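**Student:** Spelled out, the chains give:
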Amino acid sequence: MKALTGKWSFYINGGLLSVMIVLCLYLFQDTVGMNDGMIKISEYAEQSAEQISANEEIELPPLEWQTGFLGGIFIGALAASIMSANWKIRFFQDKESGIISKSLKTVFFGLGGGFLVMLGLQLAGDSFLGQWSGALQLSGGSWIFLLSCFAAASGIAILLEQRGESGGDK
Amino acid sequence: MLEGNYRLAAAIFIGMFCGFLLVKSDLAWRKTCLNMFLLKDGRLLKTLLFSLGFGVALVYFLQHLEVISLHVRPGYFWASLIGGSICGIGLAFCFRVPITAIAAIGTGRIYALWSIVGMFLAVSFVGLISGSLSSSIYSWSKPLDAPQQTDAFLDAGNPALWIMILTLISLVFLHFTFSGEAEE
Numbered sequence: 186m187k188a189l190t191g192k193w194s195f196y197i198n199g200g201l202l203s204v205m206i207v208l209c210l211y212l213f214q215d216t217v218g219m220n221d222g223m224i225k226i227s228e229y230a231e232q233s234a235e236q237i238s239a240n241e242e243i244e245l246p247p248l249e250w251q252t253g254f255l256g257g258i259f260i261g262a263l264a265a266s267i268m269s270a271n272w273k274i275r276f277f278q279d280k281e282s283g284i285i286s287k288s289l290k291t292v293f294f295g296l297g298g299g300f301l302v303m304l305g306l307q308l309a310g311d312s313f314l315g316q317w318s319g320a321l322q323l324s325g326g327s328w329i330f331l332l333s334c335f336a337a338a339s340g341i342a343i344l345l346e347q348r349g350e351s352g353g354d355k
Numbered sequence: 008m009l010e011g012n013y014r015l016a017a018a019i020f021i022g023m024f025c026g027f028l029l030v031k032s033d034l035a036w037r038k039t040c041l042n043m044f045l046l047k048d049g050r051l052l053k054t055l056l057f058s059l060g061f062g063v064a065l066v067y068f069l070q071h072l073e074v075i076s077l078h079v080r081p082g083y084f085w086a087s088l089i090g091g092s093i094c095g096i097g098l099a100f101c102f103r104v105p106i107t108a109i110a111a112i113g114t115g116r117i118y119a120l121w122s123i124v125g126m127f128l129a130v131s132f133v134g135l136i137s138g139s140l141s142s143s144i145y146s147w148s149k150p151l152d153a154p155q156q157t158d159a160f161l162d163a164g165n166p167a168l169w170i171m172i173l174t175l176i177s178l179v180f181l182h183f184t185f186s187g188e189a190e191e
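As they're listed, the protein sequences go chains G and Y.
The working numbering numbers the first residue of the first sequence as 186 and each following residue consecutively.
The working numbering numbers the first residue of the second sequence as 8 and each following residue consecutively.
Among these hints, one or two may not hold up.
To be verified - What the simulated footprint calls covered on chain G by chain Y, stretch by stretch (three residues with Cβ under 8 Å from a Cβ of chain Y suffice, anywhere in the stretch; the number is not a length):
hint : segment
1    : 199-211
2    : 235-241
3    : 266-276
4    : 302-316
5    : 319-333
6    : 339-349
Hints were generated in silico from the structure; no laboratory data involved.
In this text the structure is predicted, and so the values were computed from the model without any measurement.
Glycine is no exception: its CB is placed at the ideal position from the N, C-alpha and C atoms.
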């Protein structure tokens, strides 16, 4: 039971992450990641907007394997956080006082950060899990992506920390 | 290869496992990712390094046994470099990649929704500028060569062997450099 409620060692986490990626390669002949799922959802939203403007009936969202994977992540994370008593509702990333200040910070960091993350992933042509899978398969492009990504993230995070702007909750 | 509903069911189960693993490995938490990038917490770094070293060897042997085949999307030097740098800058602000943002919402961190909204906006934005991307960053360099692997694992020219050795050295270094794990 402790295995489900406690933390796992780094070698178990790292090993399972690799096994999961290899299992995806075996079962799907592809890597799974949120990139494809998000593109599917984005296409659905665009199609629904066109149907609304043409006064047509809106179709149900597609349940394909890419979107199913995303739903699975939500359920798995929910189960793991409840089991380890880490499930907490949080609306702001910071605990500081002042609702306007922390609201603006949450929206700016979340929206801007998310936009840049997905822009970078789209330019490089794969999801983050896909890049990780590519690195395991010795793809040069994936190694360049991961090294530049970690270098940039670490550099900017250290700069923001020195300015005292990167704190926050879990 | 799975098809149809079996494929969907397997994707949901693997997704559930992935979500569980993201929480157990602390990859879903903003604070631990921040500490990793600030080089204050070695646990996540060790997890990622171990995954790379172990995974490279696993893929090598399973591919040689013809259990799996390689599936790598074509990479372009400038697209990977610029994309990686932009993604890294974004990570330093929100500390979420798409799958960890979904996992964070599952753990009750509703504010990760803003990151998801930003990601959807980026998908639409790239759709708008895709024409100019094809004539710029993707045309600056030729596609990178497909991954090359040697027949013998213990060959000095085998990149998988070197990656394993380097990750092992890095793991030992991190183990003795970081005295303890940062608090969540």
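**Student:** Which earlier hints turn out false for this structure, listed by number in ascending order?
**Tutor:** 2
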